[in-house]
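Each protein sequence line maps, in turn, to chains H and L. Using the numbering used here, the first residue of the first sequence is number 454, and each one after it goes up by one. Using the numbering used here, the first residue of the second sequence is number 56, and each one after it goes up by one.
Dumping the calculated DSSO-like pairs for lysine-lysine here, alpha-carbon to alpha-carbon at most 27 Å:
{"no.": "1", "chain 1": "L", "residue 1": "K329", "chain 2": "L", "residue 2": "K291"}
{"no.": "2", "chain 1": "L", "residue 1": "K389", "chain 2": "L", "residue 2": "K249"}
{"no.": "3", "chain 1": "L", "residue 1": "K338", "chain 2": "L", "residue 2": "K291"}
{"no.": "4", "chain 1": "L", "residue 1": "K389", "chain 2": "L", "residue 2": "K264"}
{"no.": "5", "chain 1": "H", "residue 1": "K596", "chain 2": "L", "residue 2": "K342"}
{"no.": "6", "chain 1": "H", "residue 1": "K537", "chain 2": "H", "residue 2": "K462"}
{"no.": "7", "chain 1": "L", "residue 1": "K225", "chain 2": "L", "residue 2": "K329"}
{"no.": "8", "chain 1": "H", "residue 1": "K596", "chain 2": "L", "residue 2": "K370"}
{"no.": "9", "chain 1": "L", "residue 1": "K296", "chain 2": "L", "residue 2": "K264"}
{"no.": "10", "chain 1": "L", "residue 1": "K329", "chain 2": "L", "residue 2": "K296"}
{"no.": "11", "chain 1": "L", "residue 1": "K225", "chain 2": "L", "residue 2": "K296"}
{"no.": "12", "chain 1": "H", "residue 1": "K537", "chain 2": "H", "residue 2": "K459"}
{"no.": "13", "chain 1": "H", "residue 1": "K599", "chain 2": "H", "residue 2": "K542"}
{"no.": "14", "chain 1": "L", "residue 1": "K451", "chain 2": "L", "residue 2": "K60"}
{"no.": "15", "chain 1": "L", "residue 1": "K225", "chain 2": "L", "residue 2": "K235"}
{"no.": "16", "chain 1": "L", "residue 1": "K445", "chain 2": "L", "residue 2": "K456"}
{"no.": "17", "chain 1": "L", "residue 1": "K342", "chain 2": "H", "residue 2": "K537"}
{"no.": "18", "chain 1": "H", "residue 1": "K461", "chain 2": "L", "residue 2": "K264"}
{"no.": "19", "chain 1": "L", "residue 1": "K445", "chain 2": "L", "residue 2": "K60"}
{"no.": "20", "chain 1": "L", "residue 1": "K291", "chain 2": "H", "residue 2": "K461"}
{"no.": "21", "chain 1": "H", "residue 1": "K459", "chain 2": "L", "residue 2": "K264"}
{"no.": "22", "chain 1": "L", "residue 1": "K462", "chain 2": "L", "residue 2": "K451"}
{"no.": "23", "chain 1": "L", "residue 1": "K291", "chain 2": "H", "residue 2": "K459"}
{"no.": "24", "chain 1": "L", "residue 1": "K60", "chain 2": "L", "residue 2": "K389"}
{"no.": "25", "chain 1": "H", "residue 1": "K542", "chain 2": "H", "residue 2": "K596"}
{"no.": "26", "chain 1": "L", "residue 1": "K264", "chain 2": "H", "residue 2": "K537"}
{"no.": "27", "chain 1": "L", "residue 1": "K456", "chain 2": "L", "residue 2": "K60"}
{"no.": "28", "chain 1": "H", "residue 1": "K467", "chain 2": "L", "residue 2": "K264"}
{"no.": "29", "chain 1": "H", "residue 1": "K599", "chain 2": "L", "residue 2": "K342"}
{"no.": "30", "chain 1": "L", "residue 1": "K235", "chain 2": "L", "residue 2": "K296"}
{"no.": "31", "chain 1": "H", "residue 1": "K537", "chain 2": "L", "residue 2": "K370"}
{"no.": "32", "chain 1": "L", "residue 1": "K329", "chain 2": "L", "residue 2": "K235"}
{"no.": "33", "chain 1": "H", "residue 1": "K467", "chain 2": "H", "residue 2": "K537"}
{"no.": "34", "chain 1": "L", "residue 1": "K338", "chain 2": "L", "residue 2": "K370"}
{"no.": "35", "chain 1": "L", "residue 1": "K389", "chain 2": "L", "residue 2": "K445"}
{"no.": "36", "chain 1": "H", "residue 1": "K542", "chain 2": "L", "residue 2": "K370"}
{"no.": "37", "chain 1": "L", "residue 1": "K342", "chain 2": "L", "residue 2": "K370"}
{"no.": "38", "chain 1": "L", "residue 1": "K370", "chain 2": "H", "residue 2": "K599"}
Hints are computed from structural coordinates only; laboratory data are not their basis.
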Amino acid sequence: MINANKAKKELAEKFGFDTERISVPRERRVSLEVPYDQFRQVLAHVVNGMEFRHLCTITGLDEGESLAFIYHVAHADGTVLSLKTRVPKTAPVLQTITDIFPDGTSYERELVDLLGARVEGLPAGHRYPLPDNWPAGQYPLRKDWKAEMLDGVYPKNEVKSNG
Amino acid sequence: MANVKIPIGPQHPALKEPESFTITLNGETIISMDVRLGYNHRGIEKACEERNYIQAMYLVERVCGICSHSHSTCFIQAVEEIAGLAVPPRAQYIRTIIAELERIHSHLLWLGVAGHEIGFDTLLMYAWRDREAVMDTLAALTGNRVNYGINTIGGVRRDISPEQLAGLLKTMDVLEERTKYYIEVASQEITLIKRLSGVGYLAHEDAVKLGAVGPTARASAVDRDIRRDDPYIAYKDLDFKVITDTHNDVYGRTLVRVGELMQCYNMIRQLVAKIPDGPVTVKAPRKIPAGEAFSRYEAPRGEDVHYVKANGTDKAERVKIRAPTLANLQSVAKMMENNRLADVPIIIAAIDPCFSCTDRMVRIHDAGHGRQETLSWQALHTYSLDWHRKQGIDFKALNAKLSRRMKL
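Bound conformation, chain L alone:
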């Protein structure tokens, strides 16, 4: 049978974000996959060059809706290193508490999405209900559920009260109980195990060669975690285990994430117990002296990297961001090989992709300067067909054949 190309996307093939996958199939089996990205570019790197450091920090926090704290912390770490600022320890602890709460929120969100992608919507409902406990905690500590705005250059903007710390411990107890239940589900629920085992296989050597990061890499036995290897904020004071797994498939990626959740609760308890007293911020200069720094951060999805070059003014000379999903995409193509078409959504979802963070570099043209145009339904239809034809997907022959049959 001849190979067939199936376009999936640009409209949300797995998550509600635009990206385009062209899948070449032989029957139901995937031969290869081709990815086109870039639909979500917003020009954040260029825009950072035109804003002062504080403005850039708020902008960078909006690179991603989920890992917002990851990006803002990764960015200001670089700026603080260039400026030679000694961030007070209490501020570092608060940043770490928010960082781990963000990981809990992200991993629970992922667990729900993964459940949904395999038709296990009860898991979605349970995981997302439990996630609300973290979202409420984040809102109580920072004032917001996402885009917390807790960071500022030189420290954090809000202190955490003793009552809030006590409340945090209670939330951890509840979530730990719930996570134990998910671990039980993941290790005993036969439909879940069968549905995920062997799906989206990524051999250890391929994960290393293709530069996979985060839980995706760790589920292929790549023992890499920036929190331990290149410690930042308060991680050097914490005792935790880097969770790895040898299943090399979507099932392994599930086990790594639920295992990491248990570590998060433990880390937050240590942070609450050890948090030092003192100020939460030092005064930062408006102009940052010339210099450069390279900062790494273990975001929920993996290694996030920021490079900042300062030129002595209040604006950065260059800000470079590489979000984890871009590092994981090469692996996705590999994971697809020899799988079934029906496995595509869960394989893509299993790297916990975030295309908004990946696509961030180009400023969208201000529509106010352009002309406004309305496309008719027919024009849009033609545009769509032409667009796909250019990608090598053409159903003209098939359509002609079908219409001939219809006439018979």
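Excised from the complex, chain H in its bound form:
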């Protein structure tokens, strides 16, 4: 068993994080933001050392200058830890976490399609969730994206109409 406050204490001790940075908004919820160069190390400890073994999902956010990603991982006792990290929008490159969570594939593909993140090491496969002929460089969950940007470029006329 681990609860939110115990998780907070362990993270603060293990990585020397300021406790102010780790928030416990309510029972069974902990959230923490870490710089990207520390992210893999913290995630590995959270999963293997603290037994947050279920990946609920990954939330991607457009925060203007940067893209932020929140990895929501759950413990068997119901505690959910939201581990946030961010990368600059000019070079939005992430390492895949599918080596830790093989079920993270779909969630990472969503980040690629909808926010324009580049995920290194993501296994080959179909894109998800956008259609194959979606115009390149359009990321619908970015704040500057508007549906009008599809006018005239989509749907592409792949089939010559003869009717």
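Fit chain L to the supplied structure of chain H, relying on the hints for placement.
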């Protein structure tokens, strides 16, 4: 014999929803499966950013036609947490009653579909007839059979009268009798047991590793249920058992669902007995203060998660939804391995997939701005062949061979 790729879909391979499975076969045996999703994207997450919270709540309720209450409750829980609203206990009980009625409706629906997929249509007819009792109850309590619209931010929109509560208990008695019969069928009917046993095997370790949720996970002995582990609405007041099974196959998934039905009746009786008096709503602000919340909900198909980020206005900064089917899809590919082609429909159906909920993120382009085009039958035919060829499925050589034979 060389491996053969068979395309199944995008038109309803198991349920009446579009998704595309490419199955690689050696003879009748499945070697691997490849899934392509996304055909049902409607852009709900983006659309939520452009609507106020109440509008977004109604939109989110339409993520799924079956788990509609699951999504709207999961969403407003997050919003209420950010706003610091104390939802009245009576409202929490009403939300829980509707939640369990929704599970009954969903599990009975599944039982019928599963019967249909294995050619046991009598089971379909029976289960769906009984499901009507729940649908009528939902309509009586909320005004609608699906998309109940019972929720509002800060509570529920309708109270339940004492007469309705009494009627609810009668319906539970009837459904409990019927479910006992289904349990008898599931445990004694030899054709059903033989048809489902060993089909779609998912080992416990794989279910954990691939992040399976809901009855799919519980039938592989993963003891996880958000109602117990991370209690929300009124579940902390209820006494219930989390049903798990060790069969690890479609048969186990059937036993888990019928077992859960019995728990639902019991929970609704407790809710009726314990429902507190008082108001059913508190006033909610139109603008939600800046903040974020992560909400979980045990939908009939498994863990549903919503993340909401508020920015102080009347519109959300970000709404993220992960429906249970997306979490279960990785497991489906595993379940397929070494099964027969004829088992594909029941294996897919056994996770109780819901692709509309899974595919929800991208706004479909407004056709009013685009040009209108009519495809001739021939053009559509060519398009379809080209599309499949791009997926690596090409029958050109086979067709040529067959036409040569025909000429001989």
